[in-house]
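Chemist: Read top to bottom, the protein sequences are chains P and S. In terms of full-length UniProt numbering, the first sequence opens at residue 1 and continues consecutively. In terms of full-length UniProt numbering, the second sequence opens at residue 1 and continues consecutively.
Don't take each hint at face value.
Derived coverage of chain S by chain P (criterion: at least 3 residues anywhere in the stretch with Cβ under 8 Å from a Cβ of chain P; other residues may be distant) [unchecked claim]:
hint, stretch
1, 35-44
2, 57-70
Sample of chain S residues at the chain P side, in silico, Cβ under 7 Å [what the hints assert, rightly or not]:
hint, residue
3, A47
4, H48
5, L51
6, L54
Read the hints as simulated data drawn from the structure, not as lab findings. Cβ coordinates follow ideal geometry from the N, Cα and C atoms, glycine included.
Residues per chain are reported as follows:
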Amino acid sequence: MKRGFALYLAFLLFMTCFLGWYLTRPKVLTVGLFAGSNWNVPEGDSYALLEEAIKRFEAEHPGVTVKYVSGIRKDDYSEWLAERLLKGEEPDIFVVPGEDFNLYASIGALQPLDRSMNGDESFDPSVYYPRALDYGRYQGISYALPVGAVTTLMFVNKTLLAKEGIPIPANNWTWQDFLQICKAVTKDTDGDGRLDQFGVYDYTWRKAALTNDVPIFAEDGRSADFSGPHMEEVMRFMAELHAVSKGQEVTAKDFDMGRVAFRPFSFAEYRTYKPYPWRIKKYSSFEWDCIKLPAGPSGGNGSIMQTMLVGISARSSEQRLAWELLKTICYDPVIQEMVLTKSQGLPVRRDVVESARAQELFTNSTPGSDEMNLKTVSEVMADSLTEPKFPRYKEAMNLADNRLFHAVQENSSLSNALSQVQKEINIYLQR
Amino acid sequence: MTEAYTPEERRLEWLYGLLGLYNGLVVLLMAGFMSLTQEKIITTMSAHAFLTTLPIVPLPAFKGFLASVGAYALLLLLGKLYRHGGIASGQRHLVFAAEIGVCMLLMRSLNLAYDGVVLLAVADLMHRYQGENQSWLLLGAMLGLYFMANYNLAIFQRHVAPFDVYAAYYRPEVQSVLLAIKNGLISLNIVLFVLYLVLLVQSKHHEKERIASLNKQLEEANVRLRAYAIEAERTAETRERNRLAREIHDTLGHTLTGIVAGLDACLVLVDAAPGAVKKQMEKIRATAQHGIVDVRRSVKKLRPDDLEKMPLKQAVKKVIAEFGASSGVDIHLVELGWPEKLREDEEEVIYRIVQEGITNARRHGKADKVTVTCGLEPGRFYIIIADNGTGCEAPQQGFGLRHMEERLALLHGRLRYWSDNGFTLEATIPMGKNVMDNNGEDNG
Numbered sequence: 001m002k003r004g005f006a007l008y009l010a011f012l013l014f015m016t017c018f019l020g021w022y023l024t025r026p027k028v029l030t031v032g033l034f035a036g037s038n039w040n041v042p043e044g045d046s047y048a049l050l051e052e053a054i055k056r057f058e059a060e061h062p063g064v065t066v067k068y069v070s071g072i073r074k075d076d077y078s079e080w081l082a083e084r085l086l087k088g089e090e091p092d093i094f095v096v097p098g099e100d101f102n103l104y105a106s107i108g109a110l111q112p113l114d115r116s117m118n119g120d121e122s123f124d125p126s127v128y129y130p131r132a133l134d135y136g137r138y139q140g141i142s143y144a145l146p147v148g149a150v151t152t153l154m155f156v157n158k159t160l161l162a163k164e165g166i167p168i169p170a171n172n173w174t175w176q177d178f179l180q181i182c183k184a185v186t187k188d189t190d191g192d193g194r195l196d197q198f199g200v201y202d203y204t205w206r207k208a209a210l211t212n213d214v215p216i217f218a219e220d221g222r223s224a225d226f227s228g229p230h231m232e233e234v235m236r237f238m239a240e241l242h243a244v245s246k247g248q249e250v251t252a253k254d255f256d257m258g259r260v261a262f263r264p265f266s267f268a269e270y271r272t273y274k275p276y277p278w279r280i281k282k283y284s285s286f287e288w289d290c291i292k293l294p295a296g297p298s299g300g301n302g303s304i305m306q307t308m309l310v311g312i313s314a315r316s317s318e319q320r321l322a323w324e325l326l327k328t329i330c331y332d333p334v335i336q337e338m339v340l341t342k343s344q345g346l347p348v349r350r351d352v353v354e355s356a357r358a359q360e361l362f363t364n365s366t367p368g369s370d371e372m373n374l375k376t377v378s379e380v381m382a383d384s385l386t387e388p389k390f391p392r393y394k395e396a397m398n399l400a401d402n403r404l405f406h407a408v409q410e411n412s413s414l415s416n417a418l419s420q421v422q423k424e425i426n427i428y429l430q431r
Numbered sequence: 001m002t003e004a005y006t007p008e009e010r011r012l013e014w015l016y017g018l019l020g021l022y023n024g025l026v027v028l029l030m031a032g033f034m035s036l037t038q039e040k041i042i043t044t045m046s047a048h049a050f051l052t053t054l055p056i057v058p059l060p061a062f063k064g065f066l067a068s069v070g071a072y073a074l075l076l077l078l079g080k081l082y083r084h085g086g087i088a089s090g091q092r093h094l095v096f097a098a099e100i101g102v103c104m105l106l107m108r109s110l111n112l113a114y115d116g117v118v119l120l121a122v123a124d125l126m127h128r129y130q131g132e133n134q135s136w137l138l139l140g141a142m143l144g145l146y147f148m149a150n151y152n153l154a155i156f157q158r159h160v161a162p163f164d165v166y167a168a169y170y171r172p173e174v175q176s177v178l179l180a181i182k183n184g185l186i187s188l189n190i191v192l193f194v195l196y197l198v199l200l201v202q203s204k205h206h207e208k209e210r211i212a213s214l215n216k217q218l219e220e221a222n223v224r225l226r227a228y229a230i231e232a233e234r235t236a237e238t239r240e241r242n243r244l245a246r247e248i249h250d251t252l253g254h255t256l257t258g259i260v261a262g263l264d265a266c267l268v269l270v271d272a273a274p275g276a277v278k279k280q281m282e283k284i285r286a287t288a289q290h291g292i293v294d295v296r297r298s299v300k301k302l303r304p305d306d307l308e309k310m311p312l313k314q315a316v317k318k319v320i321a322e323f324g325a326s327s328g329v330d331i332h333l334v335e336l337g338w339p340e341k342l343r344e345d346e347e348e349v350i351y352r353i354v355q356e357g358i359t360n361a362r363r364h365g366k367a368d369k370v371t372v373t374c375g376l377e378p379g380r381f382y383i384i385i386a387d388n389g390t391g392c393e394a395p396q397q398g399f400g401l402r403h404m405e406e407r408l409a410l411l412h413g414r415l416r417y418w419s420d421n422g423f424t425l426e427a428t429i430p431m432g433k434n435v436m437d438n439n440g441e442d443n444g
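Whenever a hint applies, use it, and build me the whole structure from the sequences.
Modeler: Structure below.
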């Protein structure tokens, strides 16, 4: 009896000690991200934003340390993350590559955020661009928050247009305006019988489809629709555009030499190449600026938005702290502002983008962009579309690219060709 | 414990052990294979490609392995508890439920690649199964297990990393070998299980046969015993008759012979010497007197032993208790009253009626429940013997009823009997002053 009591006491003591240790033990959160920019542009200090966020978070939460593994290249990141997940050692918070988002959300690697989002008084999801927030949703449930985004804009060679006496198109220009300018600038300037000045480089049917309101893929990525009348418009337009250069291939070199009037560019590329020193290195021979993409007959001056997502691991043992850290990284206005200065992307909080301070920071960090009003960018962001993010999107797109290219080249019956392409893509998607 | 096992049971236990060992081996193999493959996938940088083919994030390799092996160890422990643990029936059901739960857990941590462990649970259930009335229960449990296994499959299918995905990591020819091995392992398990079931059924069947043969032997012994009892009764009767004859011969015969001889002498002497006759008559009277004493003594010897030794109340209770114990009839005595004082002959009649009544209830009525009620009413004492036997519409005389009636008639008593829900017998004996008076009148 006495021994039993002593044992009980010892057990109680042990439990108290354990509980004490458990509650006060140093808590460590880990963050997974890659080195370099999310938007495939050179970036100087890719961890600056995170460092700042960590500093702020650790100040607010004493006793909590945040760690991250540096030096993982963007190309290796997807595999690195998958390995961590298989080993069960994934970071508490990690950047989710867009093409992996659906996969990780569907296999339950990501923690659903809706409860934290609704339960947190200090969190208001309506400050985000709706499209950016939607990008972190899978089947209607939020699994990740956006941290930054870029949109695709149309690059305009001001020098070339000025030389041809063509004014820079307004932001609400159409395919017809686009085609006319292309036709006007495409010519043989040195008289060697070969065209050496072109209208556009790197304008793909995807961008045309986007600005003509063609939803190519179903939400779940199980089927594609190429056979609508809108898509026919797209293909007819692409064929006309293609015909302008008379079959001659426009190259990146032509563009770099200042011999191409238009090129779609992401905002990150714009920001990277516009300021010194990149501007000097790459395009020193001409003045340039950006406007919205031209609108198709059935669409608008839309754009494609690429969003960088951060999510919480479903197996993280510190869900509450992880949410707080995620909020610091993706929601804190100070950090959002820093997206403008420390990265080549844009903040995803609309109020931050449209603030006067942001415009000031932007003008300071991107000299020489008189045309670029952040209000315009914000508008573009608000009505831009996001790329589908089902797992085999890239492969399906490449396949479609290939097939459509041939369809345009062969100039066969358009609707037949399109149904053929649709059939092939559907077979691929349903496999 | 071991000495209580028949060789058959020992063989069964041995096979069960083999089944457990084999399943353990398979679990170890499967878990090991999947864990190693997972590690290999990580080292060969194909983690991302692997994850895209999965519906979930699998457990880390080592954890998954530990979970499987741990769950299996728990399953074995629960199985042992269920089979041999000295626990109550309710607790045993709880243990079995836990066993099924662990079974499902194990299947899940093995990614449903191996469902043979369900058979282990079924083997446990079959081991405990006994008696015909449980066969429905058993059928229900088996169906339940089957559905659970399928349900498990349906529910968890989207929540596990299938074995095929692990196998798909290897070259196609290796894949087919792996699948063949897996299917072989599953089939061998089924073979072992069926063997176990066959042995189990055989063992149960033999046990049943043994019990049946024992029953038969018992029945035969019973028949012999009954014949012997009848024989013994007859012998006792003969012996009693002989004793009676001897007694009559020794006492009454002797006395009567003496009296006849004396009377003969008287006849000769009556005219010659009347004085001597008188003397002789006195001698004869003494002899008769002596004879009466002898007869009384003999009659007394015929009285039941119990009545000799104890009062009527106890004697009646004793005969009831003894008969009940020996025949298995449930006899209930309701005592509403006993007369204060009874004559010896009255006691004997009452005793005999009770004895005869319950014997008849058993012998002719095949009753297994008899109620004996005795009580007093003003002026009479009554005994009612009611049984739940077959009854008898027109009782044949010779059931001892006439004998009872005769005995009662001597005491001015009355016997009534009828059949409803068995057979009921009512005997009344007049009591008290009136009776005494009547007796007095009769005597007078």
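Chemist: All hints, please: hold or fail.
Modeler: Hint-by-hint comparison with the structure:
With 3 residues having a beta carbon nearer than 8 Å to a beta carbon of chain P, the stretch 35-44 of chain S meets the requirement of three or more and the stated coverage holds. Here's how the stretch 57-70 of chain S fares: 6 of its residues keep a CB closer than 8 Å to some CB of chain P, so the rule of at least three is met and the hint holds. The beta carbon of A47(S) comes within 4 Å of a beta carbon in chain P, closer than 7 Å, and the hint placing it at the interface holds. This hint holds: H48(S) has a C-beta 4 Å from the nearest C-beta of chain P, less than the 7 Å allowed.
At a threshold of 7 Å, the smallest CB-CB gap from L51(S) to chain P is about 5 Å, leaving the interface hint in force. Taken as an interface hint, L54(S) checks out: its beta carbon lies about 6 Å from the nearest beta carbon of chain P, inside 7 Å.
The structure is consistent with each of the numbered hints, conforming to all of them.
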